[in-house]
Amino acid sequence: MDKKDILIVGGGHAGAQCAIALRQGGFTGSVAIVGREVEPPYERPPLSKEYFAREKTFDRLYIRPAAFWEEKQVELLLGREVASVDGAAHQVTLADGETIEYGRLVWAAGGDARRLSCEGADLAGVYGVRTRADADALMGEVDAGAQNFVVIGGGYIGLEAAAVLSKMGRHVALLELAPRVLARVAGPELSAFYEAEHRAHGVDLRTGISGVERLVGTDKVTGVELSDGEVIPADVVIVGIGIVPAVGPLILAGAAGANGVDVDEYCRTSLPDVYAVGDCAAFACDFAEGVVMRVESVQNANDQASCVAKHILGEEKPYHAFPWFWSNQYDLRLQTAGLSVGYDQTVLRGDVAARSFSVVYLKAGRVIALDCVNSVKDYVQGRKLVEAGATPDLAALADSGVPLKELL
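In the numbering used here, the protein residues as written are 1 to 408.
Any given hint could turn out to be false.
Keeping only pairs whose Cα atoms sit at most 25 Å apart, straight-line, the calculated DSS-like set for lysine-lysine is [as the list claims (entries may be wrong)]: (1) 3 to 72; (2) 363 to 72; (3) 405 to 377; (4) 317 to 377; (5) 167 to 56; (6) 405 to 384; (7) 405 to 363; (8) 3 to 310; (9) 363 to 384; (10) 377 to 363.
Simulated DEER-style distance windows between Cβ atoms [as the list claims (entries may be wrong)]: (11) 124 to 391: 48 to 56 Å; (12) 248 to 189: 37 to 45 Å; (13) 24 to 320: 15 to 23 Å; (14) 59 to 344: 40 to 48 Å; (15) 233 to 96: 41 to 49 Å; (16) 364 to 72: 17 to 25 Å.
Worth flagging that the hints you see were computed from the coordinates, not collected in a lab. For each residue, glycine too, the CB sits at the ideal point set by N, CA and C.
Required output: the full structure, derived from the provided sequences and hints.
Right, here's the structure in full:
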C-alpha cells in the first residue's frame, strides 16, 4: 500500500498553499495532493472574471508552474477523487479503488456549485462557474452564438458573470430570490449601488422574484419559467447560488460538522491527524465574535493552509487571520475588509454618484468591516480600524476628507 506522510485532498488554493508552506518550512517527508481536476493547482476567482472575459489565458492562472511541484517533490495525483476515509486506520480509498495510507491528512476539497432542484436542472446549457471546465463550456456557448443568458443568483459569482456577458453585448437577465443582491454579505447601500450599475449596463436584474418553477427545454434549456408563469428566454443558464461543501467522506468517517466540517483553532477536525482548510472548514471566527462559520475566500484558504503547515512543523499558533475579499465588475473594484456579520449601523463616506465610496459597518459603535468601491485608500486604512476595534466619531467617519488613519 502506498503511504504519504502528508496527503492533501483538494488541488485549489488551500491544498496548494499547504504543500508550498510545508516545503518552505523545511518539511522533508512525502507530500501528495489528490485533485479531482486534471489541471495542476490554479486560481479560481478569475474564472468568472478575467478568464471568462478572455483577458487572461489559462496558463496565467497556475498557482505555480508545473515544474515547481516536481522540483519540490510534491506528487500530484490529478483526475483522482477520494471516495472514503478510514480515520482509525489512517487510510483513504480513491474512487478507482486505490488505497493510500497517510500520516496526516489535510482536507482542502472546497465545495461543489449548488445545483437547482427544480425540473429541467439537468438540461444541457445549465452551468455553474466553479472549475475551468465550467468556464470553458460557457466560453464555448458564447463562441457558438448564444445570445440570451439567464443568471440565477445575485451573489458575487452571478454579478461578475453578468458583468462579463453584458460587456460582450449579450442579453442578460439576473434573477435573485432575496429582496436585493448581495443580501448575505453586504448592506443595502452597496446592494442598491450594484443593482443600479448592472441595470445601467443593460442587465435585466430582478430581485424578490417569486421563484424558479422549472427550466424549459427538451434536451437543451430554452427558457426559465418563474413561479408566476412568466418564461424568460434562455440559450444558457448560469447558476450561482452558493456551494455545497465537499466533506461527505469526512462526515461519513465520523468527523463533526453540519455546514462543512468543524475545525478547532489549529484547523484540526475531530478525527485524529486530520485537518480541514478553506471553503469547507467551519471555525469559530475571531472577527465575527466567535460565530462558527465557513469563510469562502482565497485569503482564508491560504492563511488556514499556512496555519496547518506550521502546526505540522511544530508551531502551535492558533488561526487568527484578517478576512478580506474583492470583486471586479465593469470598471468597479470592490475591496472588503473584515466581516459585517451582525452589524447594527452603517456609515456612508465618499460619493456614490462618482462611483468612489465606502460603506463602513459598525456594531455597538465599533468598526467591524468596510466595503470600499474604487477607494483603495479607505480599504488600506480602514482595515486598521477593524483590527483595532475602533469606535470613531461618526461625523468624522462620514467625512471623506478625513483620512481613516486619523480616526484610530
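For the range 17 to 25 Å, tell me whether the beta carbons of residue 364 and residue 72 fit it or not. Taking Cβ atoms as reference, residue 364 and residue 72 lie about 47 Å apart, which means the hint is violated.
Are residue 405 and residue 384 close enough, with their CA atoms no more than 25 Å apart? holds, 8 Å
With a cut-off of 25 Å on the C-alpha distance, tell me whether residue 3 and residue 310 pass. holds, 22 Å
Status of the given 48 to 56 Å range, CB of residue 391 versus CB of residue 124: holds, 55 Å
Straight-line Cα separation of residue 405 and residue 363 no greater than 25 Å? holds, 19 Å
A range of 40 to 48 Å was offered for this pair. Does it hold for the Cβ distance of residue 59 and residue 344? holds, 47 Å
Does residue 377 lie within 25 Å of residue 317 when you go C-alpha to C-alpha? Distance of about 31 Å is beyond 25 Å: violated.
Taking only the CA atoms, is the gap from residue 405 to residue 377 under or equal to 25 Å? holds, 10 Å
Check the hint pairing residue 167 with residue 56 against an upper bound of 25 Å on the C-alpha distance. holds, 16 Å
Straight-line alpha-carbon gap residue 363 to residue 384, limit 25 Å: holds, 16 Å
Would you say the C-beta atoms of residue 248 and residue 189 sit inside 37 to 45 Å of each other? At roughly 39 Å between Cβ atoms, residue 189 and residue 248 fall inside 37 to 45 Å, so the hint holds.
Checking one constraint from the list: CA of residue 377 to CA of residue 363, max 25 Å. Satisfied? Given that 25 Å is the threshold and the Cα spacing comes to 22 Å, the pair holds.
Of the numbered hints given earlier, the model fails hints 2, 4 and 16; all others are met.
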